[in-house]
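K.L.:
Sequence:
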Amino acid sequence: MVVVAVNEAGEPLRTLYLPQGIIKGFVQVAHRNTLRNVETCGILCGILSRNAFRVTTLIIPKQSATSDTCQTEDEGSLFAELDKRDLMTLGWIHTHPTQTCFMSSVDLHTHVSYQIMLPEAVAVVCSPRHNPMYQVFRLTKPPGMDIIQNCRQQGAFHPHPDKPLYTVG
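Each residue of the sequence shown is one higher than the last, beginning at 1 in UniProt numbering.
PhoX-like mimics (lysine-lysine), calculated; alpha carbons at most 25 Å apart, straight line:
no.	residue 1	residue 2
1	Lys163	Lys141
2	Lys62	Lys84
3	Lys62	Lys24
Here are the in silico distance ranges between beta carbons for each label pair:
no.	residue 1	residue 2	range
4	Gln153	Gly21	32 to 40 Å
5	Ala5	Arg32	28 to 36 Å
6	Arg85	Pro159	34 to 42 Å
7	Phe157	Ile47	32 to 40 Å
8	Arg85	Gly155	31 to 39 Å
9	Pro128	Val168	14 to 22 Å
10	Lys62	Asn37	19 to 27 Å
11	Arg50	Gly21	19 to 27 Å
12	Lys62	Gln28	16 to 24 Å
13	Thr100	Pro159	15 to 23 Å
14	Pro132	Ala5	12 to 20 Å
By construction, these hints were calculated from the structure, which means they are not laboratory data. Each residue gets a CB set at the ideal place from its N, CA and C atoms; glycine is no exception.
All chains, please: the whole structure from these sequences, using the hints.
P.N.:
Okay, structure coming up:
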(Lines of atoms letter the chains of each structure in order from A and count residues from 1; the text may use other names and numbers.)
(Lines give C-alpha, C1' and ligand atoms only; values in the text may rest on other atoms or scores of the structure.)
Protein backbone atom coordinates (compact mmCIF):
# COMPACT_ATOMS: atom_id res chain seq x y z
CA MET A 1 0.00 0.00 0.00
CA VAL A 2 1.28 3.47 -0.89
CA VAL A 3 0.16 6.57 0.97
CA VAL A 4 0.87 9.69 -1.11
CA ALA A 5 -0.74 13.00 -0.42
CA VAL A 6 -0.78 16.62 0.35
CA ASN A 7 -2.49 17.71 3.51
CA GLU A 8 -5.72 19.68 3.54
CA ALA A 9 -3.75 22.96 3.44
CA GLY A 10 -2.03 21.79 0.24
CA GLU A 11 1.33 21.18 1.94
CA PRO A 12 3.17 18.20 0.43
CA LEU A 13 3.58 14.98 2.37
CA ARG A 14 6.28 12.49 1.50
CA THR A 15 5.22 9.08 0.21
CA LEU A 16 4.87 6.33 2.80
CA TYR A 17 5.08 2.70 1.68
CA LEU A 18 3.27 0.26 3.96
CA PRO A 19 3.52 -3.40 2.86
CA GLN A 20 0.31 -5.37 3.28
CA GLY A 21 2.42 -8.17 4.75
CA ILE A 22 3.10 -5.96 7.79
CA ILE A 23 -0.63 -5.55 8.35
CA LYS A 24 -1.36 -9.26 7.81
CA GLY A 25 1.45 -10.19 10.20
CA PHE A 26 0.06 -7.86 12.83
CA VAL A 27 -3.45 -9.34 12.51
CA GLN A 28 -1.93 -12.81 13.06
CA VAL A 29 -0.01 -11.65 16.14
CA ALA A 30 -3.16 -9.99 17.50
CA HIS A 31 -5.43 -12.97 16.78
CA ARG A 32 -5.36 -14.44 20.29
CA ASN A 33 -6.28 -11.07 21.85
CA THR A 34 -8.92 -10.47 19.18
CA LEU A 35 -10.64 -13.74 20.13
CA ARG A 36 -10.75 -12.47 23.73
CA ASN A 37 -12.08 -9.05 22.59
CA VAL A 38 -8.89 -7.32 23.76
CA GLU A 39 -7.15 -4.67 21.64
CA THR A 40 -3.54 -5.07 20.53
CA CYS A 41 -1.21 -2.33 19.36
CA GLY A 42 2.04 -2.23 17.46
CA ILE A 43 4.52 0.37 16.27
CA LEU A 44 5.19 0.81 12.55
CA CYS A 45 8.91 1.42 12.06
CA GLY A 46 11.07 1.99 9.04
CA ILE A 47 13.42 4.17 7.12
CA LEU A 48 13.56 7.30 4.98
CA SER A 49 15.08 6.49 1.59
CA ARG A 50 15.00 8.68 -1.52
CA ASN A 51 12.61 11.09 0.18
CA ALA A 52 10.04 8.35 0.85
CA PHE A 53 9.23 6.50 4.05
CA ARG A 54 9.22 2.71 4.01
CA VAL A 55 7.68 0.67 6.81
CA THR A 56 10.06 -2.26 7.23
CA THR A 57 9.44 -3.44 10.76
CA LEU A 58 6.56 -4.04 13.15
CA ILE A 59 7.39 -3.89 16.85
CA ILE A 60 4.89 -5.19 19.38
CA PRO A 61 5.74 -3.29 22.57
CA LYS A 62 4.89 -4.15 26.14
CA GLN A 63 1.29 -3.03 26.56
CA SER A 64 -1.87 -3.09 28.61
CA ALA A 65 -5.24 -3.35 26.90
CA THR A 66 -8.99 -3.67 27.28
CA SER A 67 -11.78 -4.24 24.78
CA ASP A 68 -11.67 -0.53 23.87
CA THR A 69 -8.11 0.65 24.56
CA CYS A 70 -4.47 -0.32 24.28
CA GLN A 71 -1.58 1.50 25.86
CA THR A 72 2.13 0.97 25.29
CA GLU A 73 4.32 0.55 28.35
CA ASP A 74 8.05 0.92 28.93
CA GLU A 75 8.58 3.32 26.04
CA GLY A 76 12.26 3.57 27.03
CA SER A 77 12.85 -0.01 25.88
CA LEU A 78 10.98 0.69 22.66
CA PHE A 79 13.11 3.76 21.89
CA ALA A 80 16.28 1.79 22.69
CA GLU A 81 15.22 -0.92 20.24
CA LEU A 82 14.50 1.66 17.52
CA ASP A 83 17.87 3.30 18.13
CA LYS A 84 19.68 -0.05 18.08
CA ARG A 85 18.11 -0.93 14.72
CA ASP A 86 18.46 2.61 13.32
CA LEU A 87 14.71 2.82 12.64
CA MET A 88 12.19 5.65 12.72
CA THR A 89 8.66 5.54 14.12
CA LEU A 90 6.33 5.97 11.14
CA GLY A 91 3.01 5.32 12.86
CA TRP A 92 1.09 2.77 14.83
CA ILE A 93 -1.38 -0.03 14.27
CA HIS A 94 -4.06 -1.45 16.53
CA THR A 95 -7.13 -3.64 16.54
CA HIS A 96 -10.77 -2.91 17.14
CA PRO A 97 -11.81 -6.47 18.04
CA THR A 98 -15.53 -5.70 18.35
CA GLN A 99 -15.91 -2.54 16.28
CA THR A 100 -15.42 -1.31 12.73
CA CYS A 101 -12.48 0.70 11.40
CA PHE A 102 -12.63 4.28 12.65
CA MET A 103 -10.64 6.60 14.89
CA SER A 104 -12.11 6.83 18.40
CA SER A 105 -11.44 9.89 20.54
CA VAL A 106 -8.75 7.88 22.34
CA ASP A 107 -7.20 6.99 18.97
CA LEU A 108 -7.24 10.65 17.89
CA HIS A 109 -5.44 11.73 21.05
CA THR A 110 -2.93 8.90 20.70
CA HIS A 111 -2.23 9.65 17.05
CA VAL A 112 -1.75 13.40 17.39
CA SER A 113 1.59 12.85 19.14
CA TYR A 114 2.80 10.68 16.24
CA GLN A 115 1.72 13.20 13.63
CA ILE A 116 3.22 16.16 15.52
CA MET A 117 6.59 14.43 15.27
CA LEU A 118 6.12 13.27 11.67
CA PRO A 119 3.38 14.80 9.48
CA GLU A 120 3.31 11.62 7.34
CA ALA A 121 2.69 9.31 10.34
CA VAL A 122 -0.25 6.96 9.93
CA ALA A 123 -2.63 5.13 12.22
CA VAL A 124 -3.84 1.74 10.99
CA VAL A 125 -7.01 0.33 12.52
CA CYS A 126 -7.63 -3.40 12.01
CA SER A 127 -11.10 -4.80 12.48
CA PRO A 128 -10.74 -8.51 11.67
CA ARG A 129 -14.46 -9.24 12.08
CA HIS A 130 -15.66 -6.49 9.74
CA ASN A 131 -15.23 -5.27 6.19
CA PRO A 132 -13.01 -3.46 5.43
CA MET A 133 -10.65 -5.44 7.64
CA TYR A 134 -8.30 -2.48 7.98
CA GLN A 135 -7.97 1.19 7.10
CA VAL A 136 -5.09 3.66 7.20
CA PHE A 137 -5.81 7.06 8.74
CA ARG A 138 -4.18 10.40 9.44
CA LEU A 139 -5.44 13.53 11.14
CA THR A 140 -6.52 16.35 8.85
CA LYS A 141 -4.54 19.59 8.89
CA PRO A 142 -6.58 21.69 9.20
CA PRO A 143 -8.81 21.14 11.16
CA GLY A 144 -8.08 17.82 12.93
CA MET A 145 -4.56 18.44 14.21
CA ASP A 146 -5.46 21.82 15.70
CA ILE A 147 -8.68 20.61 17.31
CA ILE A 148 -7.11 17.54 18.93
CA GLN A 149 -3.95 19.38 20.04
CA ASN A 150 -6.11 22.00 21.76
CA CYS A 151 -8.72 19.61 23.19
CA ARG A 152 -8.95 19.93 26.98
CA GLN A 153 -11.87 17.57 27.58
CA GLN A 154 -11.42 15.04 30.35
CA GLY A 155 -12.10 11.32 30.17
CA ALA A 156 -11.01 8.67 27.74
CA PHE A 157 -13.99 8.79 25.39
CA HIS A 158 -15.48 12.20 24.71
CA PRO A 159 -17.05 14.01 21.76
CA HIS A 160 -15.24 16.35 19.42
CA PRO A 161 -16.64 18.93 16.99
CA ASP A 162 -18.49 17.50 14.02
CA LYS A 163 -15.72 18.32 11.55
CA PRO A 164 -13.49 16.13 9.38
CA LEU A 165 -10.88 15.38 12.07
CA TYR A 166 -9.28 12.49 10.19
CA THR A 167 -9.14 11.06 6.73
CA VAL A 168 -8.37 7.73 5.12
CA GLY A 169 -4.65 7.94 4.37
